[in-house]
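Engineer: Spelled out, the chains give:
There are 2 protein chains.
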Amino acid sequence: MINHVRHLLLGSPLPSADVGHNRLDKVRALAALSPDALASVAYANQEIYLGLLVAGAAGLMQSFTLALVITALLGVLALSYMQTIAAYPSGGGSYTVARENLGELPGLVAAAALMMDYVLNAAVSLTAGVAALASAFPALWPHRIGLSLALLLLITLVNLRGLREAGTAMVVPVYLFLGVYLGMIAWGIGVALVQGPGVFPAVIPPPAEPAVMPGALAPVTLFLLLRTFASGATALTGVEAISNAVPIFKDPVTVNARRTMAAMAVLMGILFLGTIGLTQYLAVVAGPEETILSALVRRLFGSGVVYLLVQLATLLVLIVAANTSYTDFPRVVSLMARDGFVPRQLRALGDRLVFSNGILLLAGLAGLLIVVFGGDTHALIPLFAVGAFLAFTLSQSGMVLHWWRERGPGWRAKLLMNGAGALATGVALLVIGASKFAGGAWLIILLIPLLVLLFRAIRRHYAEVGRQLRLDDDAPPAGCTRHPRIVMPVAGVHRGVIEALNYACSISDDVIAVYVEMEPDSAGAMRARWEAHGLDRVARLVTVPSPYRSLIGPFLDCIDRLDEESPDGWPATVLIPEFVPARWWHFLLHNQSALPLKWALIYRRHRHGKARAVIDVPFYLKE
Amino acid sequence: MINHVRHLLLGSPLPSADVGHNRLDKVRALAALSPDALASVAYANQEIYLGLLVAGAAGLMQSFTLALVITALLGVLALSYMQTIAAYPSGGGSYTVARENLGELPGLVAAAALMMDYVLNAAVSLTAGVAALASAFPALWPHRIGLSLALLLLITLVNLRGLREAGTAMVVPVYLFLGVYLGMIAWGIGVALVQGPGVFPAVIPPPAEPAVMPGALAPVTLFLLLRTFASGATALTGVEAISNAVPIFKDPVTVNARRTMAAMAVLMGILFLGTIGLTQYLAVVAGPEETILSALVRRLFGSGVVYLLVQLATLLVLIVAANTSYTDFPRVVSLMARDGFVPRQLRALGDRLVFSNGILLLAGLAGLLIVVFGGDTHALIPLFAVGAFLAFTLSQSGMVLHWWRERGPGWRAKLLMNGAGALATGVALLVIGASKFAGGAWLIILLIPLLVLLFRAIRRHYAEVGRQLRLDDDAPPAGCTRHPRIVMPVAGVHRGVIEALNYACSISDDVIAVYVEMEPDSAGAMRARWEAHGLDRVARLVTVPSPYRSLIGPFLDCIDRLDEESPDGWPATVLIPEFVPARWWHFLLHNQSALPLKWALIYRRHRHGKARAVIDVPFYLKE
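Quick mapping for you: the protein sequence lines, in order, are chains A and B. Under the numbering used here, the first residue of the first sequence carries the number 7, and numbering increases by one thereafter. Under the numbering used here, the first residue of the second sequence carries the number 7, and numbering increases by one thereafter.
Heads up, a few of these hints could be off.
Below 27 Å or equal to it, Euclidean Cα-Cα: the simulated DSS-like pairs (lysine-lysine) are [stated by the list, open to error]:
(1) K32(B) <-> K256(B)
(2) K616(B) <-> K628(A)
(3) K32(A) <-> K256(A)
(4) K604(A) <-> K616(B)
(5) K604(B) <-> K628(A)
(6) K616(B) <-> K604(B)
(7) K604(A) <-> K628(B)
(8) K604(B) <-> K604(A)
Honestly, the hints are just simulated from the structure, not real lab data. What you are looking at is a predicted structure, and each value in this text was computed from that prediction instead of being measured.
Just need the whole structure built from these sequences, with the hints factored in.
Structural biologist: Below you can see the structure in the form of structure tokens.
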């Protein structure tokens with residue numbers, strides 16, 4: 007029945023031979039991998055507006071300049087990652103690049119940063135989407151944790167069904183968002199040409215959050231610009247997604263992935279420059295309780311149907327942005343599992359050809375973040391950018407070393423470009439880490455070394471296990487002539503005991519039945535029944551008292567005593583007759599002593615370091 | 007470590023030989039078994055006041071008359087149960103009496119009613135105690151579900167430690183309550199002698215609950231008196247406790263139990279008649295937000311230290327009233343388990359010589375009631391009296407038949423007395439059932455037949471299992487010469503596999519290793535390694551493809567195919583090599599395929615109805 011529900015929700019299992027069929031074409035891959043980056047534009051816009059607002063109109067006049075710097079950085083990043091795609095067609099992104107070029111430690115740091123970033127992206131995108139929805143329909147506001155978790159569940163199920171379906175489901179919202187925003191920018195350019203530049207008002211309304219505005223206007227200092235740049239650089243989170251997921255593209259994978267990367271970067275640049283440029287040129291300012299994007303849309307179209315359509319598209323793209331984490335997180339942990347840094351279960355493909363365990367781990371961690379942070383986007387954002395820029399910096403630095411070592415055609419230009427990227431992302435990392443340390447970045451900075459230690463401990467464990475299992479010599483198995491002694495607990499004389507004895511004497515001629523006297527003075531009657539049925543001809547009956555009315559302790563003591571008299575030092579095999587009721591709820595009606603006894607036997611190391619085998623002989627009850 | 011915590015909380019195990027030592031003397035037994043009945047006086051008082059208040063002063067002048075009727079009923083019940091104690095010294099009360107004299111069905115009805123009553127008593131007493139506490143300290147009000155559950159946990163732990171400790175813990179609050187109330191009544195009689203009778207005011211303040219008071223004064227009709235009698239009769243819930251628990255008394259059990267029963271009835275009568283008599287004689291009326299008992303105490307002592315002491319004693323006795331359920335509920339379910347009507351696990355004594363499973367079941371059900379009814383006493387009260395009076399009526403009727411059949415010396419008087427008791431409790435049952443049906447009694451009336459059906463289904467199951475296990479002939483076990491085929495899943499060639507093969511070939515010369523090809527095209531390499539280590543001399547290697555990358559399905563299909571070629575029709579034995587990591591958290595690092603495979607094998611019936619044995623061969627990892 008569980009299987010039935012599972013197939014209904016997730017689809018039937020897919021054979022391994024179908025791996026190639028589930029790959030994505032460029033249109034679907036863009037939809038599956040870009041929403042994280044595209045949706046970042048929405049909140050980066052707001053961050054830049056809020057950052058410059060403290061300096062008034064003079065500050066806001068710097069918006070487009072900052073946007074150009076960030077877009078330039080985007081260009082550098084995109085070109086670098088296109089080179090990474092060519093150099094590493096099996097995917098892996100920052101983790102692979104840092105590990106192969108800089109060494110294991112930087113690789114693990116990059117992996118830890120990336121993993122946390124994917125989890126944060128899922129949580130932030132969902133809470134931001136739900137918060138936007140709840141702002142439009144205030145009745146939903148008290149339920150936003152529940153709504154976020156419901157969306158998380160929905161996206162998890164879609165992803166467990168498999169990649170092709172996930173890509174298909176994402177096509178509509180992503181292209182709706184792109185279409186609506188590109189149309190808006192085109193219309194806005196027309197409006198700007200007709201109306202000419204706007205003039206900022208003398209007094210700009212402060213935003214609803216009072217903490218953002220100081221008492222008086224701040225001057226436009228270099229520090230203010232740098233800080234605002236760092237905030238706006240959150241627009242770039244998610245840019246690396248495509249380079250991590252190269253193998254999901256259709257053949258030729260490298261070409262398709264690079265083209266998709268270029269298309270995404272160009273689209274992001276147009277959206278970012280277009281919206282910020284229009285905002286500055288038309289001198290749009292936001293009311294106290296709306297975002298700057300919302301103010302721009304109202305300025306261009308009023309508050310009618312078009313406004314609602316743009317807001318809806320923004321909401322949807324934020325929701326699907328969470329999906330990029332579902333494509334990349336399981337892929338990164340699978341790569342790390344292959345190298346033995348995380349549990350092996352995260353490596354394998356599930357029966358729908360997706361990394362099911364990785365998806366479930368991501369969903370669990372994101373759900374935990376949503377609950378712990380009360381579904382509040384603003385509490386999560388400071389944790390977010392640090393990891394992304396740490397991974398960028400390590401990846402760029404790795405590429406610098408890569409070109410230096412390789413020195414193929416045109417290596418100087420490539421090295422210079424990656425060096426500029428490493429420097430820019432490194433500076434941004436320092437600025438973000440310093441300015442957001444107290445706000446939450448400290449948690450990430452603390453967790454990264456802890457995760458790295460954990461990764462190494464896990465790999466040490468696997469190495470140790472491998473060492474213990476290795477066959478040093480080619481000795482064939484020995485000792486085949488030994489016949490084990492069988493010890494079997496009995497609670498009475500009935501058909502189940504006969505079946506078990508039957509089995510025991512078919513594999514050994516040394517069988518001992520142990521009766522634990524749970525009710526005082528019952529041993530005599532038991533021995534009489536045993537002998538009346540002639541069972542003493544097959545197995546010796548040993549009775550042991552149980553002063554505290556428990557089964558397991560006296561039984562374990564008894565087999566220890568029996569082992570001491572074992573001639574060859576091998577522990578006796580324990581045979582457990584087990585009732586199997588016909589219906590699951592019948593289990594409630596029987597003392598379940600077999601299971602704890604088995605566990606006690608298997609997980610209790612034998613004192614001589616020799617393993618004790620345990621045999622289950624089921625007895626099936628009918629009806 | 008779990009054992010350590012358990013011993014700290016619950017004490018060390020006690021040997022069976024200590025059973026007699028944990029019995030209670032009369033003083034402790036009264037403390038352990040009477041609080042339910044004694045605490046009932048507190049709310050019965052209030053019920054009578056509220057019931058007669060609707061008829062004004064003319065109604066309240068009937069209080070003492072009603073109290074006399076209820077006390078007379080108490081006397082009849084107490085005398086009847088003293089006879090029951092003599093006739094049934096092994097305890098069991100209403101269940102045993104009804105079952106032995108009226109037949110199985112009435113016995114089961116009485117048992118169902120009693121079980122629900124004990125659960126309700128625990129829940130009602132705790133919520134009433136907590137509500138009283140929270141009334142004194144309003145800051146605790148929002149936390150009363152949590153407080154009730156905390157008290158429930160505390161009482162559960164005290165009872166899991168064992169009866170003697172439970173009796174000791176109850177001595178202080180019960181005798182404090184008795185001392186304070188008896189002193190108050192003595193002082194009140196002095197006050198009454200000095201001051202003479204009081205006069206009811208012309209206008210009596212209505213209680214805070216508006217639903218209780220009609221618009222105009224009601225006349226004093228027979229129906230009003232009957233209804234108030236039925237409400238006041240809740241004072242008698244818990245009277246049967248001692249007769250159910252006869253075996254916990256010290257020898258001579260019968261004499262001690264009868265004397266304790268008599269002492270309890272006399273004390274209850276004094277408390278009930280004394281408080282109601284004083285209230286009527288002094289014409290005490292309650293303010294809008296206090297109980298009539300609280301008003302009486304204020305009238306006698308003012309609102310000072312003595313008032314607080316009496317209220318505190320009332321609170322404490324309500325809390326320990328819950329404890330009587332812990333003595334009786336596990337005992338009744340243990341009796342029923344002996345007869346096979348409830349799961350067997352409820353029968354046995356735990357290692358502290360108490361019925362641990364019964365105590366845990368009671369605590370779970372009471373906790374559920376507390377949570378479902380929001381910790382509200384008034385919502386629970388209507389469910390409460392029906393069960394008690396149903397059990398009373400069945401028990402009294404059973405005693406009538408008992409005397410009729412036995413006709414020993416003085417049987418006529420005894421029969422007449424029990425007949426009167428049966429009639430009175432039967433009438434009360436009808437009145438309570440009718441007047442409280444919509445308020446919650448319907449739930450109990452619905453649940454009782456369902457529980458009876460469940461009891462019978464459980465006994466049918468045990469009977470059927472017994473039939474299947476019975477040895478009809480004395481045939482000795484046969485088939486000892488058969489050597490089972492051993493089939494063993496292997497995932498590679500390493501030390502664990504060698505150990506398992508070693509064991510397999512020591513019990514059978516027909517060993518087959520099955521390799522499930524989880525990674526495509528890995529079978530060839532596996533076979534090469536198998537042969538390189540010479541393992542093909544010990545066991546044939548069979549490889550099976552796994553198109554959906556799962557282990558269990560292909561393996562089960564493979565052993566089904568192997569079973570078809572079995573010459574004697576017996577299914578092969580499956581041997582599972584199992585890694586046992588050195589630390590529990592290492593389990594997270596290994597694919598746990600052994601456990602689900604074992605379960606799938608044991609709980610999958612073999613098509614020929616023959617049982618398949620499963621052997622675990624552990625391989626202990628060091629470090």
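Engineer: It remains to establish, for every hint, whether it holds in the given structure.
Structural biologist: Cross-check of the supplied hints:
{"no.": "1", "hint": "K32(B) <-> K256(B)", "result": "holds (8 Å)"}
{"no.": "2", "hint": "K616(B) <-> K628(A)", "result": "holds (12 Å)"}
{"no.": "3", "hint": "K32(A) <-> K256(A)", "result": "holds (8 Å)"}
{"no.": "4", "hint": "K604(A) <-> K616(B)", "result": "holds (22 Å)"}
{"no.": "5", "hint": "K604(B) <-> K628(A)", "result": "holds (21 Å)"}
{"no.": "6", "hint": "K616(B) <-> K604(B)", "result": "holds (17 Å)"}
{"no.": "7", "hint": "K604(A) <-> K628(B)", "result": "holds (21 Å)"}
{"no.": "8", "hint": "K604(B) <-> K604(A)", "result": "holds (12 Å)"}
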